[in-house]
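J.: Protein chains in written order, with this note's numbering: chain L, 1 to 243; chain A, 1001 to 1243; chain H, 2001 to 2243; chain W, 3001 to 3243; chain E, 4001 to 4243; chain P, 5001 to 5243.
By construction, these hints were calculated from the structure, which means they are not laboratory data. Glycine is no exception: its CB is placed at the ideal position from the N, C-alpha and C atoms. You may find that some hints are simply not true.
Claimed, not checked - Simulated DEER-style distance windows between Cβ atoms:
| hint | chain 1 | residue 1 | chain 2 | residue 2 | range |
| --- | --- | --- | --- | --- | --- |
| 1 | W | Arg-3100 | H | Gln-2082 | 31 to 41 Å |
| 2 | P | Pro-5180 | L | Lys-67 | 52 to 62 Å |
| 3 | L | Ala-221 | P | Gly-5148 | 50 to 60 Å |
| 4 | E | Asp-4085 | H | Lys-2074 | 56 to 66 Å |
| 5 | P | Lys-5067 | L | Arg-227 | 29 to 39 Å |
| 6 | A | Pro-1147 | L | Lys-67 | 38 to 48 Å |
| 7 | H | Glu-2242 | W | Glu-3196 | 47 to 57 Å |
| 8 | H | Asn-2146 | L | Val-240 | 54 to 64 Å |
Said to hold, decoys possible - DSBU-like mimics (lysine-lysine), calculated; alpha carbons at most 35 Å apart, straight line:
| hint | chain 1 | residue 1 | chain 2 | residue 2 |
| --- | --- | --- | --- | --- |
| 9 | A | Lys-1004 | A | Lys-1150 |
| 10 | W | Lys-3067 | A | Lys-1118 |
| 11 | L | Lys-52 | E | Lys-4171 |
| 12 | H | Lys-2067 | P | Lys-5118 |
| 13 | A | Lys-1003 | P | Lys-5150 |
| 14 | E | Lys-4171 | P | Lys-5049 |
| 15 | E | Lys-4052 | H | Lys-2171 |
| 16 | P | Lys-5118 | P | Lys-5171 |
There are 6 protein chains.
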Amino acid sequence: MSKKTALVISAHSADFVWRCGGAIALHEERGYDVTVVCLSYGERGESAKLWKQAGMTLEKVKAERRKEAENAAKALGVTDIQFFDLGDYPLALGAEAKERMVDVIRKVQPAFMMSHSKWDPYNTDHMYTTQFALECRMIAQAWGHNPGEKVLGAPQLYLFEPHQTEQMEWKPDVFLDITPVWEKKWAAIQCMEGQEHLWHYYENVAQNRGNHFRRNSGGQAGGRDCRYAEGFQSIFPRTVDEL
Amino acid sequence: MSKKTALVISAHSADFVWRCGGAIALHEERGYDVTVVCLSYGERGESAKLWKQAGMTLEKVKAERRKEAENAAKALGVTDIQFFDLGDYPLALGAEAKERMVDVIRKVQPAFMMSHSKWDPYNTDHMYTTQFALECRMIAQAWGHNPGEKVLGAPQLYLFEPHQTEQMEWKPDVFLDITPVWEKKWAAIQCMEGQEHLWHYYENVAQNRGNHFRRNSGGQAGGRDCRYAEGFQSIFPRTVDEL
Amino acid sequence: MSKKTALVISAHSADFVWRCGGAIALHEERGYDVTVVCLSYGERGESAKLWKQAGMTLEKVKAERRKEAENAAKALGVTDIQFFDLGDYPLALGAEAKERMVDVIRKVQPAFMMSHSKWDPYNTDHMYTTQFALECRMIAQAWGHNPGEKVLGAPQLYLFEPHQTEQMEWKPDVFLDITPVWEKKWAAIQCMEGQEHLWHYYENVAQNRGNHFRRNSGGQAGGRDCRYAEGFQSIFPRTVDEL
Amino acid sequence: MSKKTALVISAHSADFVWRCGGAIALHEERGYDVTVVCLSYGERGESAKLWKQAGMTLEKVKAERRKEAENAAKALGVTDIQFFDLGDYPLALGAEAKERMVDVIRKVQPAFMMSHSKWDPYNTDHMYTTQFALECRMIAQAWGHNPGEKVLGAPQLYLFEPHQTEQMEWKPDVFLDITPVWEKKWAAIQCMEGQEHLWHYYENVAQNRGNHFRRNSGGQAGGRDCRYAEGFQSIFPRTVDEL
Amino acid sequence: MSKKTALVISAHSADFVWRCGGAIALHEERGYDVTVVCLSYGERGESAKLWKQAGMTLEKVKAERRKEAENAAKALGVTDIQFFDLGDYPLALGAEAKERMVDVIRKVQPAFMMSHSKWDPYNTDHMYTTQFALECRMIAQAWGHNPGEKVLGAPQLYLFEPHQTEQMEWKPDVFLDITPVWEKKWAAIQCMEGQEHLWHYYENVAQNRGNHFRRNSGGQAGGRDCRYAEGFQSIFPRTVDEL
Amino acid sequence: MSKKTALVISAHSADFVWRCGGAIALHEERGYDVTVVCLSYGERGESAKLWKQAGMTLEKVKAERRKEAENAAKALGVTDIQFFDLGDYPLALGAEAKERMVDVIRKVQPAFMMSHSKWDPYNTDHMYTTQFALECRMIAQAWGHNPGEKVLGAPQLYLFEPHQTEQMEWKPDVFLDITPVWEKKWAAIQCMEGQEHLWHYYENVAQNRGNHFRRNSGGQAGGRDCRYAEGFQSIFPRTVDEL
């Protein structure tokens, strides 16, 4: 059987680190090839610290953000990271971007995909990325799109954890134990030098999701001693042979 | 390791057949011991055909309904079926019934539980059963309830498929392939002689859920050729080591 | 064919006036026999004006409220008004009350029923009345409940307009033109002497629902010139031969 | 009075058959002129069987799909079927398409319109079609759009049944008895030669919706013996003179 | 400390009057500078009365609508009113419009913003305006957008009251007492000569919202004697030092 | 003017500490008298650590839990703490308990009340407590309940933060800066010796809510440097004179 793969679609170049860095590192360790696509560098909207420096330019910010993301990807063991450079705040998600994304999806043939929450009033880039992911998944499934290519199956789309979950109408239905790879995620987080104010925030998140994992795996009556976890919301139903 | 177990809480004595007969038979084949608790016989509210017969009495209806349920349970390979005889339309779900149910839960120590949808404007017995199941699960987890007994862990509560799903605000997040045990479910269905008008209905449901299984496992690009399936809605998040 | 009938279940004795007085008067004019059941007089919770008077007693309040409700019922042409006197704030909706209500439902055999909104954080009597209405409807449909009686069919349950609709998660899906009977509703409203502060409020509601009727029947391009309307939310789907 | 009309907006050329073929045939028999607009042929995304044939081209697929749709329309007695040929997966719903659709709406002056569900994570074409339908309905109501033309009133927009209803957040509020025209719908379904795997699926749907019709029209206590039905979700409230 | 400011984004030129005229007048009296941006004149879709006159042209309608809006703004004491003239039914909310709006937001630096409801099936202009407002707010917060300009903080976005609130899924969480400025709002309303059919409607709304204010500030046990109020739904959580 | 007061209704004796200890301490510092009612000690369901000790009895657990709660209350500066001792898992919330609670509410005349989330599938005690709080609030507002007593106005009911917020359908709409009293809350938390596994969890929560406070008060463009916060969901709309 062929290699297992996964695909993460990240609106800005740091999102994949905070939101699913553990899942990436864990699945890489389990033999998956994980591809990360950063639609933008978050160069305008998520680089306040850089812009406060004198003489900053858009190109400098993008270069710096790219370097940080590449370092984080390396720390997580990402197989392939791609930068679509579509601009941010707002993202430009037109026909050409869709074609390009569909090509990646078709090539990767992911067992599962990841993207943002369905609603985000703070950051419309996030929610439009999810619409974009759904639309591209649909196109990749079309037998008449670039006939002859391998058509996409039905990979799950997991929505990774947004900031301020309750405001985003995001509800996790699966918790993943990332304790074995926490050190990798922590290292990746520390690559995001421009957003140091978020490091501890996401450490807290990981610890508290670990608590949720313990509670949902049995609590004080047999729960797993998970220390760090990540939560995800599934868009599609699962198909199983045992509950 | 000890035997795997499951617990089905059925408001009326036929519900477990239509709604999760396949899951029962399949997990029995996989080595689970499945316990079914029928809170009532559905003697008043779901036995119209019997009541249309001359000289019918409540006891006769209950006896007939019990016989049908026992036959269906046998067809499915149910390990244990219990009848709480709490009355129906409406169910009487008081303190004593809770104690009794908690005892069963503690004894079974189910890997997962099953019950009805959260909302059912046609049949309040159904939705009160789900509240009852949640409350009893909570009590069974309390270390101070009958101290010394084995405390319950954190079993999933699956809500099985109601009639008219959309009116019940029920949304399946997992489909189970019951093709290998369809003949058993079909045999069990045919034990419900008083509700013959529903046999074909639930055959259609099983076939169409099979279609949904095929679609969600890959569709025309690699989907499983599932012929019959059942859908379930999970109340609690899952805890996993791989997505 | 037999006479058409309808049944209104009103938590407190004034609710049927404000919320569906127009529907009652209109259907009476159309030949329906409308029965109104007031579960309580609203004697404790909705009679502030009376309680501010010196020497007031519970019995005096109840007598006064009953008189007002009877006058309003007469103004609307109500066929039958019954007072269950179950107490209010909170209502006592036990087994006996259910039996009594089921008897009324079976006797009336309503083409449609009316009750309160599903959610009301200001007034739990209202939302428990709706649960009660659904449960009694279910019991009345049970062939084994008082076998031999005529079993209930499947009447629609309309939720009439609550105060502060948006807080009650109430959404009307049908508007009824009550222009022809507005004078009757206005007369009935004026019977509620203890709640004069609400008269103009519900006049405004009726006018603005008239605007909604006009808009939804065609607006400036052919809408009906409705002056007064009432809105209702349906619990169950309709069954039709033409859309 | 002028002829009654209806308008169906179908994202891909087969949608109108599965989802509202019965409603079309029934209303044609009742004297309505029903117009169907197929925004695309579903040539890329819903023609897997054709694309698996050797030497297939986009034009051939479109021609084949058009032929099937025309045959189905004929079987249903459709008055007028139009193909906008906007491309599929994804649909291109730009300003020009809107103008064209508004022209059709204005010309047809439908008593009611039909379209897809509001949400569809499997198929964004479907949900964007509904947004498109709402937007075009709004434009058609504008007195300043092509002044002098007959302005649109306030037709209901019915959302017809999607695949996997629960995943689409679709809830039917009206069931239409299509028993009298089932043979026509079944004939139309069989015109869709490229999607034979769906024939039996939608036969099951029609039968089970018939069960829902029976249940909601009275069940065992007087329900109509409907054999086949279709369900619809209304976007707008109704305006009536009797409940 | 600098002057307090607020920004209202109105899809069509009359929306700000009906929906938040009281809030504007009140805050102006309290020392705020309120800026109103009308994205369009509502020239095509909300000027039926004008279009029914002979010889009407788009330019005449726009001029008339502008005059009415300016008069209303004057009556309310609006500090600045701007007309983006983007066309209506549908609005054209492209990249250029966003740039222009972001410039206004940055310049005004509002303490709070106002816009339409999130959902409006009757009028897609309304809901797209809210998406537009959220997107522009996000861009205005980006440090890399026009570096050097003052970056936007985190103003609340209030959704003002739509027509037919329940159909728009709008739920007010704050009521503002506009009794002190009602005369100004009433004067502004009367400036909208082309929509006289709505004057009384919004008077009723203001009175009934006054009732809601009274009820929520204590009712008969200490509630404020508010006569007129407006309701708003907040998108973002508040940050406070006392509850 | 009289003293400001607040009332916290805590299902189990530790809930008020984790969920609103900061709000209590802060409002006490601001001059409020805060009353805490613990409906139970959480003696059966939230005292696993104690029950694991040899020779434990229900009375010992209750005594220990009471001592912890009293110590925590002292640390927070609570004015009055009352223990209703209604039993837990499940709570017994009958007519007598309601009477008692209404008496407290009437006596305290709170400016605001606090309780649990509306939904909690893990812990039905929590959600029934919220129903109980709403019902008692309603009774306390009834002029006919114990006539002559001071009738309750319309205090806000804040739902404090549950465990696993997203599973509880809880969405905070207000964040309170508790930085000035964090040391008090931390001291109170450490009084809960039996639940040490939760100390760090709620420290993380407080820090991350501090991040949300910063973000919603302006973020990097002027946000308050809040270090610790608590979030609350309001049931009722606010009434204000300025937005």
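J.: What hint numbers does the structure not satisfy?
T.: The structure breaks hints 1, 2, 6, 7, 8, 10, 11, 12, 13, 14; every other hint is satisfied.
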